[in-house]
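Residues 12 to 142, numbered by this note's numbering, are exactly what the sequence shown covers, in order.
These aren't lab readings, by the way, just hints derived from the structure by calculation. One thing to keep in mind: the hints can contain errors.
Straight-line Cα separation of at most 27 Å, BS3-like style, residue types lysine-lysine; simulated pairs [claimed, not checked]:
id : residue 1 : residue 2
1  : K55       : K137
2  : K36       : K137
3  : K117      : K55
4  : K52       : K137
5  : K121      : K55
6  : K43       : K121
7  : K121      : K140
8  : K55       : K140
9  : K55       : K43
10 : K112      : K131
11 : K140      : K43
12 : K112      : K43
13 : K131      : K43
14 : K131      : K55
15 : K117      : K131
16 : K121      : K131
17 : K36       : K112
Now the in silico label distances, taken between C-beta atoms and shown as ranges [said to hold, decoys possible]:
id : residue 1 : residue 2 : range
18 : A51       : L109      : 15 to 21 Å
19 : G29       : K131      : 38 to 44 Å
20 : K137      : A48       : 27 to 33 Å
21 : V99       : A61       : 45 to 51 Å
The beta carbon of each residue, even a glycine, is placed where N, CA and C say it ideally should be.
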Amino acid sequence: MARDNERTLGQLVADASGDLSSIVKGEIQLAKLEIQADVAKGGKGAGLLAGAGLFGLFALGFFLTTAAWGLVAAGLPTWLGFLIVAVVLLIITIVLALLGKSALSKVRGKPERTIANAQKTVSALKPPKAS
Numbered sequence: 012m013a014r015d016n017e018r019t020l021g022q023l024v025a026d027a028s029g030d031l032s033s034i035v036k037g038e039i040q041l042a043k044l045e046i047q048a049d050v051a052k053g054g055k056g057a058g059l060l061a062g063a064g065l066f067g068l069f070a071l072g073f074f075l076t077t078a079a080w081g082l083v084a085a086g087l088p089t090w091l092g093f094l095i096v097a098v099v100l101l102i103i104t105i106v107l108a109l110l111g112k113s114a115l116s117k118v119r120g121k122p123e124r125t126i127a128n129a130q131k132t133v134s135a136l137k138p139p140k141a142s
């Protein structure tokens, strides 16, 4: 005769199944959080690189305008003024490109903590090896 505090095999299996389901849901939630953080970092890097591209186009426009005015006028003051503006834009382009590259290099691309946690869970669920 079973005591009131003893549980049947069916109840134990149901509890184990529920616990496993909770573990899996937790791992999925952790993976989602890690991936969202990486996507945000990647978006920032892409935005900085897009800014670098925009300023690069401005620099190209000024370099071309400077070259044209330099050839036409051959007078240093106008040419030098346009060249200084173009150089400043080029410096901004380089800074933005380096910042964007740095931000993109920090993106890991895979949920490392989730993988490590899942491996720990699997090893904890495995029966001990007989020696």
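Kindly indicate which numbered hints from before are broken by the structure, ordering the numbers from low to high. 1, 4, 7, 8, 10, 11, 14, 17, 19 and 21
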